[in-house]
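Enquirer: Protein chains in written order, with our numbering: chain A, 1 to 295; chain B, 1001 to 1123.
Hints were generated in silico from the structure; no laboratory data involved. We put the CB at the ideal spot given by N, CA and C, even for glycine. A portion of the hints provided could be inaccurate.
Derived list of chain A stretches under chain B, where covered just means 3 residues or more per stretch with a C-beta under 8 Å from a C-beta of chain B [unchecked claim]:
no., stretch
1, 111-117
2, 235-241
3, 245-254
Simulated DEER-style distance windows between Cβ atoms [to be verified]:
no., chain 1, residue 1, chain 2, residue 2, range
4, A, G264, B, A1063, 56 to 66 Å
5, A, A239, B, T1071, 28 to 38 Å
6, B, A1078, A, P178, 11 to 21 Å
7, B, T1090, A, T90, 32 to 42 Å
8, A, A235, B, T1071, 20 to 30 Å
9, A, T263, B, A1063, 37 to 47 Å
Next come the chains, spelled out residue by residue.
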Amino acid sequence: MTHLSDTRPRSRWRRGAVAALLLSPLLAWSLVIPGSTAQADLLNWSGVQAVTTSTAALAPGESSWLSVAWTTRATVTDWSTTVTAPAGVTVTYPTTRGGADTSLYGSATLAGGTRDFTAFKLSVPYTQRTSFTVTVTSTYMGCTGLLTCVDTLLTGDRSLWAAFGIKANTLSTTVTVPVLPAVGAPFTQNTTQVAVAAGSDAFSTISYTGGQTDLAGFTVKAGVLPAGLRVGYPADGSASTLNGGSTLRGRATDYVALRFGTTGVAPGTYVVPLTISYTAAAPVTTVGAVTLVVS
Amino acid sequence: MSSPDVRRTALGLAAAVLLLAVGGCTSAAADASAEATSAAPSAAATAVPADELTARIAAVEFARQCAVTETAFAEESAITTDLDTRLAATGLTHAQWKDWHDALAGSPELVAQLAEVSAPGCA
């Protein structure tokens, strides 16, 4: 039998054991419950990250749907993204989710090792002539990637999620939106010729397609008319506005209606000058024409 | 405490942490695993296998993912129109794509196939 001839080693072991016992629950807790540490990046142990931190370019005055792509190491679900933009830039979300946020295109689940994107519309004012950044904030339920964890995540039985450490994560990413001058004509008049019967007085439509940017207050009225020809506008107004509203949206097609009274003209071909007005970065008035074929 | 005391404390601490952590994980995982087994079948058991059809879908998806973030769409619906146009060009339907997409999370084969198709990276 071995005797401890010195009491000092025994007391040192005792002090160490007491200290270990007092401190161990604290450290063990942080190991058993992943994500309980204070550092924000450790909460993102699913490995979610943005693949792209720059969107397609927009022009001043443009409204378009942009995308940010994401990838993840471990499967996540319940994905929700919101966007914070500078003053003057409007954010619109897909109607499929009620308009309060957006999610991944395929579904609210991003499978580990795959990639998907979130889409949202930005409307940039004409005064925004330089590139800017938006903050894209995504929340999702994260998983460690272990098979049982993924299985539990996918079954949707949320009562088990806490036991597997599946919990909500939030990731904020700064994304750059490049701004470049608009390219191409501000709009295109699609209708070049209108056919009407002689002696008639009815509305005909003239179609327009927007260029890259939105044109507010878009109106069309006839200029100096050929002798005998009369023109009228909806609601007896002084000009025609677009059927879909006052703005000709970029790359959208809409039409105006003009009533041509031909009781005073003989059958033939007439050129009707048009005055087209709208506001882009500033008010614009330009001229166009439509050929009227009376038969 | 003296250096030997510190070492002994550290060793004791490490041992206690190890025992608690392993015990906690084992207990929680065993309980939850038992419940999960009884609650629903494993996703891996019903995983969709990869084949020639899924390879074609993966190729379309990879190309689309490369292009979509560089495109400004005029309308929300144009995003889906773009996808459907790409699918139709290779004889695929939106329904096939959707089924494939929804199967990804539970199919390591599909994920691996997608990774292989995506290996060259976006141009």
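Enquirer: Next step is simple, just say for each hint if it's right about the structure.
Expert: Verification of the supplied hints:
1. 111-117: This one holds; 7 residues, not fewer than the three required, reach chain B with a Cβ under 8 Å.
2. 235-241: violated (count 0)
3. 245-254: holds (count 4)
4. A/G264 <-> B/A1063: 56 to 66 Å: Roughly 60 Å apart at Cβ, these two residues keep to the hinted range, so it holds.
5. A/A239 <-> B/T1071: 28 to 38 Å: For B/T1071 against A/A239, whose Cβ atoms are near 35 Å apart, the range 28 to 38 Å holds.
6. B/A1078 <-> A/P178: 11 to 21 Å: Distance hint for B/A1078, A/P178 holds at roughly 20 Å.
7. B/T1090 <-> A/T90: 32 to 42 Å: Because 37 Å falls inside the window, the suggested range holds.
8. A/A235 <-> B/T1071: 20 to 30 Å: 39 Å, violated
9. A/T263 <-> B/A1063: 37 to 47 Å: 59 Å, violated
When the structure is compared with the earlier hints, violations turn up for hints 2, 8, 9 and for no others.
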